[in-house]
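Engineer: Input sequences plus hints: build the corresponding full structure.
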Amino acid sequence: MMEDSEETDFVASEHDRLVSAITKLDKTQHITEPTRNEPTNQNSEFNLIKRSSKLKLGNVVKVLEDTAHSVKIGKKLKKTREAKVLPKPLEKPQAERIKRATGYEDTKKKVGRWDPVVARNRTVDFVSYPLGHVSKKSKIQPTKEFLSKLTLKSSLEKELDEIDPPPESKEVEEEEQVYPMSYEEMLEHRQNAAKLRAQQSYKAAKEKRQSKIKSKKYHRILKKERLKQQLKEFEELQSKNPEEALKKLEELEKTRALERHTLRHKNTGKWAKSKLVRAKYDKEVRQQLAEQLSVSRSLTHKTQDTQSTDDEADDAVNIPDLTLAQDPMNPWMMKSSDSNVDSEFNFGYKKFLKDKMSKIKEIDSDSEEEQSVKTNIEDFSSTIGHLKGSLKKLCDTSNPENSFSEVTMPDETKSIKRNQIKTKKIFTTLGATSNWIVEDIDVASQPIYGLKNHGKASEDISNVFDKFENKVVGKVETKLKKLRKQIKKLDKQSHKPDKMESKNNDDQDNLEYLKLNKQNLKSQVDEELFETHKGIGHVKETASLSNILTTVNNPLQGNIDVDIDPNRFIEVKPKYLNTAISSAQNDIDDLDDDEQVVPKVDIEEVFEEDDVVDSFRQEKEDEKNQDISKDIDLTLPGWGSWGGKGVKATKRKRNRFIGKPIPKMPRRDDNKGDIIINEFKNSQLDAHKVSNLPFPFTSVKDFEASIRTPLGNTFIPETAHKKLIRPNVITKAGAIIQPMGEDELLVKKNLSFNNESVLKFVTKK
Amino acid sequence: MSNMKIKVISRNPEDYLRATKRDIHKLPRNYDPSLHPLEGPREYVRAMNAVKLERVFAKPFIGNLDGHSDGVSSLAKHPNRLAVLASGAFDGEIRLWDLASRKCTRHFTAHEGWVRSLCFTPDGQHFTSVGDDKTIKTWKSVTRDEEDYEPTNTLLSMSVVSGITHHREKPIFATCGEQCQLWENTRSEPVKVFKWGVDSLHHVAFNQVETNLLASCASDRSIILYDFRESGPLRKVVMELRSNALSWNPMEAFIFTVANEDYNLYSFDVRKLKQPINVHMDHTSAVIDVDYSPTGKEFVAGSYDKTVRIFEGLKGHSRDVYHTKRMQRLTCVKWSLDNKYILTGSDEMNIRMWKARASEKLGILKPRERTALNYSEALKEKFSNHPQIKRIARHRHVPKHVMNAQKEIKTIREKNKRKEANRRAHSKPGAVPFVAERKRHVVKEDE
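As they're listed, the protein sequences go chains A and B.
Counting from 1, one number per residue, gives the positions in the first sequence under UniProt numbering.
Counting from 1, one number per residue, gives the positions in the second sequence under UniProt numbering.
Hint data in this document are derived by calculation from the structure and do not stem from the laboratory.
Check before you lean on any hint, since a few could be wrong.
Claimed, not checked - Capping the alpha-carbon separation at 25 Å, the derived lysine to any residue pairs in SDA-like fashion look like this:
(1) A:K206 to A:M186
(2) B:K340 to B:V56
(3) B:K340 to A:N713
(4) B:K52 to A:N713
(5) B:K380 to B:G363
(6) A:K534 to B:K52
(7) A:K620 to B:P41
(8) A:K522 to B:P33
(9) B:K297 to A:L55
(10) B:K272 to A:T102
(11) B:K103 to B:E348
(12) B:K380 to A:D526
(13) A:K109 to A:L511
(14) A:K216 to A:V111
(15) B:K272 to A:N728
(16) B:K366 to B:E348
(17) A:K515 to B:K297
(18) B:K380 to A:Q684
(19) B:K26 to A:Q524
(20) A:K92 to B:K52
(21) A:K620 to B:E408
(22) B:K361 to A:N728
(23) B:K444 to A:K481
(24) A:K732 to B:M353
(25) A:K522 to A:S128
(26) A:K732 to B:D98
(27) B:K380 to A:F695
(28) B:K59 to B:R394
(29) A:K723 to B:L373
(30) A:K515 to A:V111
(31) B:K366 to A:H721
(32) A:K624 to A:G638
(33) A:K701 to B:P33
(34) B:K315 to B:R438
(35) B:K315 to A:G103
(36) A:K701 to B:V56
(37) A:K732 to B:T371
(38) B:K315 to A:T102
(39) A:K534 to B:E408
(40) B:K26 to A:A720
Note that the structure is a prediction, hence the values are computed from the model and not measured.
Structural biologist: So this is what it looks like as structure tokens:
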């Protein structure tokens, strides 16, 4: 054994040597794997080649594979191995890109909060800088401090100050006290309180004044108004809150009941008694008393205003009325409707009911009309025609059209259905408010009711009608379903584009969206400047200069003799314009013309300095002369003969080449006195006209309107003038305009009613 | 005694009392339009006169601040003093000016090489300058002692710094160079460094309204938007040519305008960088600098073509053009904070002061004068589209070289248009699409 080991050792060393010798022969350098000789906790940092020394759990599990107990452990191990491992962090450029993208989105959103302010500043007619909030920040110096800077110190004072410096007033850094209310809030609160107090006092004064008024009529009117107001409120309530309305109705009824309960209008009062004494002899008094009674009767009378009974009741009343109308003494027989009393009392609760009834009737008739129109359009072929024919025969007085209300036609549009639904709704709501106002119109019963009066013919028709009705009802139902589906579809569609649009809007300029429509559009010019070099316009300028010179010289000559002939003036007759407004004024003038001598306006007197009359006549003369066409001279001086100064054209030439112009039509203002009529348009004016529509305007009409509105205070009142000429950027001289601050964003009105501290403060007081 | 008379000098109060407005008998005026049939023509004539007078009084040049011995490289306006201006020159000198008296109050050499950029701190006590010597120096704007002449703070940057901008409220400022760096007053190292891409940045500007946004112009033709808080760079727009300067609108938080090398200016909405919302043309050479008016309605641009142009923010063409014979290439422009003046620095060592509205009357106006001016202004606006008035109002004399350049640009533009039309006519319909002017100049928008 010993030998053996020695041998192997020897062999191994021999082998190593051999290997190293062989490797030395090879010139390429082999990197030997570093091997660890002794156990350490630290890995050498130069030990670059990784070899995981991890225990593979799978191998461990494999060992335990067989036993049933170990299966469980294996599963557990697997689970633990599946435990989540955090993903590898992104590559740096990618991560940064994501960071940038999110950051950008955030800033986009944050910057968007300035949109409203910017949009406002862009659209508003004028902005005054520095903006209000910023300027408030700058400290306002107290007057004392400010004034102290203005005092100059004499040299002696300065010296004294140097020797004995005055005690510096300590600048007390005032910590901003926390007040329950900010200044604005306080102001607002005060204003509110003042307003409230003022209103209270007004109301009190009004009440006092009214309570002193003794006039009964006045109070009656007041009451009437109050009732009206109540009714209005009631009607509003009905549409909004039917339950409340019901309560209100009950109240109204109660008041009416109370009135019925009292002894008013029962001829028991002082006035009635005094009248009663005289009633025996005076017919008028008797009538008055009767009227009183009739009023009381109308009040106590139970209102019968269902539709069906109305006509009959009227009929029933009318008959005795006719016979007994002669008796003025019988108040009970006086028909309330034909006395003016009723009209007087036709305002309150009664009127409301009446109106309601009439409205219902109207609605009914409306829907009927529509339906009848529809029936014309539809070709519901023979059955309808048949039915119609038979119905026409039947219906004369009663209202059979109602029967059609249910028989809707297949092609009916939504609108009509809606109408129907509306009418139904009205019926039902009314039914809910009180049970005796309205009857539901019983559709089925009415035709039968109508048919009852007529004989046998009606029976077969009713059969036909029933059959038809069944058919139609079925069809209508299917149609309705279809329509509903369509409506749903439409709704969906309409919603979808809405969403799309909203998305688009988000992408779009929020700024544009926020911009208000400018009320006074102002034309803008966004064009290149018309840039020239000084040399170019030079020739033209000299020409214009010479013109100016001549024009300057000419008036001098004219001004030499400013003697105005007092005999030459324009006699002006007053001319009345054909306007609707001034007709009344003109009448007055006409009347006054004979008596009152209107001082003649002497134009010469007005324009004492310059002779307008003369200059005008001169102008006309010039105009005329300009218009006179001159001889057409076609001679070529020097052609065929000598030319030059003083040489006249020969007779032959004159005859041959100088032609007379074609005579023109006489001028329209030839014999019209002092007037110049421009018969042809002046082409020089074209240069002053606008050829295309300027930018912010979309229609010529708008642009013209903007030009037409005058701005000067010669044409419009001073206030409007001031408003219109206000510059759109107002700056204060010497004031620094700070960039916009964040306070500009938070302009909230009515702060006081959200601020808890304010509420506390208010409640304390 | 009873008949004694006392003679008293009595005077008529009319003789010694001044006439008040109550003494003027007011004539009621009838505004019935039928009585004024010629109100339209009369106003037109008034407008014509007003516009002519405007051109007569259009004398925008106010004065000239000279003193620099090299071209003016940058200007900075004081945030709360209208009369104070700081200017830096190509020789590293900084001058402080009193604009009211048009005098230099202080001057010193601040940097070796250019003063690249200047900016005041929000309280106006200090101003910071950056130069070619990679230093960021903070100076006191008011000096009392000897010490105050030295910079209060000097920061050394690792890389070149070419632009600086201060946050509106916080003591933070940003510089640009190889990358955008964020500094805090008290620290010597940048608080943050934003890097996106390799090219250098030459201009950076803080948004004054949405105060955590800033934007910079890079020499790889791009404009980069940053949020200085956690998110860093947000987006990059690559234009066809390099943008030289950038200005944020002080009243509209999301709008900025860049002055581009391709003779145009582009207004962008931060939220829609795919295309500019407006292209402002008219310059005939590279636009070097741009600055918004404090009202945010207009901006001024200085160009290499030796002219200053004033643009309205929502319009594509300039409202006015300023030039003088001696003014050379513009290097920087500023619009004063009271919206009244424009300051321009050019490379012939002068700073010029202009009126923002050429024909505006400076000084105090009496109420009647003001209403008259307002009225004529309103009239001009009302009739602004009438050809004669437009012709007079928009007529400008420009130097010959500008006009010639303009002619050239016009022919080039026409040529391109014609060529495109021809190509469109001779190719399959739809193969040569119409591309809007606004979409042409943006190459891409990087996320």
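Engineer: Straight-line Cα separation of B:K340 and B:V56 no greater than 25 Å?
Structural biologist: holds (19 Å)
Engineer: Check the hint pairing B:K366 with A:H721 against an upper bound of 25 Å on the C-alpha distance.
Structural biologist: OK: B:K366 and A:H721 at ~18 Å, within 25 Å.
Engineer: What's the verdict on B:K103 and B:E348, does the C-alpha distance respect the 25 Å limit or exceed it?
Structural biologist: holds (18 Å)
Engineer: Is B:K380 close enough to A:D526, meaning Cα to Cα at most 25 Å?
Structural biologist: holds (15 Å)
Engineer: B:K59 and B:R394: Cα distance at most 25 Å?
Structural biologist: holds (15 Å)
Engineer: Compare the distance between the alpha carbons of A:K522 and B:P33 with 25 Å, and conclude whether the hinted pair is satisfied.
Structural biologist: holds (22 Å)
Engineer: Take the C-alpha atoms of A:K732 and B:M353, compute the straight-line distance between them, and say whether it is at most 25 Å.
Structural biologist: Holds, at about 19 Å.
Engineer: With the threshold set at 25 Å, check whether the alpha-carbon distance from B:K444 to A:K481 stays at or below it.
Structural biologist: violated (55 Å)
Engineer: Regarding the pair B:K315 and A:T102, is the alpha-carbon distance no greater than 25 Å?
Structural biologist: violated (33 Å)
Engineer: Mind checking the alpha carbons of A:K732 and B:T371 for me, to see if they're no more than 25 Å apart?
Structural biologist: Status holds; Cα separation ~15 Å.
Engineer: Would the pair B:K272 and A:N728 pass a check requiring their Cα atoms to be no farther apart than 25 Å?
Structural biologist: The given pair, whose Cα atoms are some 28 Å apart, is violated under the 25 Å limit.
Engineer: With the threshold set at 25 Å, check whether the alpha-carbon distance from B:K380 to A:F695 stays at or below it.
Structural biologist: Given that 25 Å is the threshold and the Cα spacing comes to 16 Å, the pair holds.
Violated hints, listed in ascending order, are 1, 3, 9, 14, 15, 16, 19, 20, 21, 23, 32, 35, 36, 38; each of the other numbered hints is respected by the structure.
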